[in-house]
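Asks: Could you put together the complete structure from these sequences and hints?
Protein chains in written order, with the numbering used here: chain R, -7 to 149; chain A, -7 to 149; chain G, -7 to 149.
Check before you lean on any hint, since a few could be wrong.
Stated by the list, open to error - Covered stretches of chain R, as calculated for chain A (at least 3 residues, CB under 8 Å):
hint, region
1, -4 to 6
2, 31 to 37
3, 99 to 112
Hints in this document: simulated from the structure, not taken from any laboratory. All residues carry an ideal CB built from backbone N, CA and C; glycine is no exception.
Single-letter residue listing:
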Amino acid sequence: MSWTTPKKAILLSASAEGGTPLNAFDNALLKMGIGNANLVKLSSVIPAHLEWLDRLPEIPIGMLLPTVYAEATASEPGEQIAAALGVGFRPDHAGGLIYEYSGHGDRAYAERMVRRMVEEGFAMRGWELAEFSLGVAEARVKDRPVAAVAAVVMFPY
Amino acid sequence: MSWTTPKKAILLSASAEGGTPLNAFDNALLKMGIGNANLVKLSSVIPAHLEWLDRLPEIPIGMLLPTVYAEATASEPGEQIAAALGVGFRPDHAGGLIYEYSGHGDRAYAERMVRRMVEEGFAMRGWELAEFSLGVAEARVKDRPVAAVAAVVMFPY
Amino acid sequence: MSWTTPKKAILLSASAEGGTPLNAFDNALLKMGIGNANLVKLSSVIPAHLEWLDRLPEIPIGMLLPTVYAEATASEPGEQIAAALGVGFRPDHAGGLIYEYSGHGDRAYAERMVRRMVEEGFAMRGWELAEFSLGVAEARVKDRPVAAVAAVVMFPY
Chain R
-7 MSWTTPKKAI LLSASAEGGT PLNAFDNALL KMGIGNANLV KLSSVIPAHL
43 EWLDRLPEIP IGMLLPTVYA EATASEPGEQ IAAALGVGFR PDHAGGLIYE
93 YSGHGDRAYA ERMVRRMVEE GFAMRGWELA EFSLGVAEAR VKDRPVAAVA
143 AVVMFPY
Chain A
-7 MSWTTPKKAI LLSASAEGGT PLNAFDNALL KMGIGNANLV KLSSVIPAHL
43 EWLDRLPEIP IGMLLPTVYA EATASEPGEQ IAAALGVGFR PDHAGGLIYE
93 YSGHGDRAYA ERMVRRMVEE GFAMRGWELA EFSLGVAEAR VKDRPVAAVA
143 AVVMFPY
Chain G
-7 MSWTTPKKAI LLSASAEGGT PLNAFDNALL KMGIGNANLV KLSSVIPAHL
43 EWLDRLPEIP IGMLLPTVYA EATASEPGEQ IAAALGVGFR PDHAGGLIYE
93 YSGHGDRAYA ERMVRRMVEE GFAMRGWELA EFSLGVAEAR VKDRPVAAVA
143 AVVMFPY
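Replies: So, in structure tokens, the structure goes:
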């Protein structure tokens, strides 16, 4: 993280139940394969010429991973939450943008929100939006706490 | 960021409107020149013998930048917000302190709050406060969401 | 922090009063010996084969320190808060987990919460819980703002 620029990334999402909201969040990270890393939260821009991975590389337990993430948790029976990351790409892959939504609502609402934010972010920069990727998860409380998480995890190699 | 100690820094602030609170935040970062970096949020101490910059060095898109920041957003017409960083310096430049305020209020209120926090932080450490710098932004909602942001961005070179 | 894996760590906790909630937080960090570092907040897993320190190594002013922390602040007279980190260890020290609680309640409540979260986190991973450490602080507002903080600070050396 020393003022470096990440080289690779992966877009992940999951929802899960747990005995507490934090355990539900942890369980969602486990499903995503990043439950045994130390996440360092980043704001939301995509480095230029990033290679996107289809599956996670091996991660040593406790490794520090720079990650953009959106997360929502809920405990009230019937409560509906969603978390989404919308990723916009420029035609020449010279950078891109990530926007997040987390809170009440369903998958469709979260997707609309992040798509709108990506479009505005590109318009503000005078960038052409060539491609849009979505990571989204939703959950509704039955009797135990739930979490919805979407993440872009970045790697130097 | 690997347990290194930053060498240079710059104090920035801006406010902006946007279609959503997150876009307003993004637009404020763009005005400040750091809208295309990945910010890593820091707590609030100034390394010793830091050189303060008057303008931003070139930043590759997506670079990881350790940053202390205060940010407030609002959406209700008439709502008034401010964000401020108060930076206190020791006489010998052997370190310093940064305190943040973000929330309701105007520029003058935010300045009073951070000045008071800096003074207390210095008093608690038995340090002499030789100099005080302020980064502050305020915004009032007309019809679109607004954000106010103040930041100290740190560099290794 | 560049995708490295920490080598050493220390578990700390303290509570303090201050003129504002942020100063109270700062004063708690000062008591813990980390008031003059830049904390980078981490999520909550323990790297494998981490060596645990009994006292802090020397920390240059402003050094970037990856830290898992739980913190609560309060300002209303009579308000009672606590912050805790529960640290679970595997028998072979091949990793472990940290869970946090912060909010209303006393030391005993915060301890029960983090113990329960650690147990569930280990059960979800099919790990045996060989050892449990607790860092906890509580505070009750008399007339000035208070903070309670628990932290695991990580080092590369």
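Asks: Against each hint, give a clear statement of whether it holds in the structure.
Replies: Structure-based check of all given hints:
{"no.": "1", "hint": "-4 to 6", "result": "holds (count 3)"}
{"no.": "2", "hint": "31 to 37", "result": "holds (count 6)"}
{"no.": "3", "hint": "99 to 112", "result": "holds (count 4)"}
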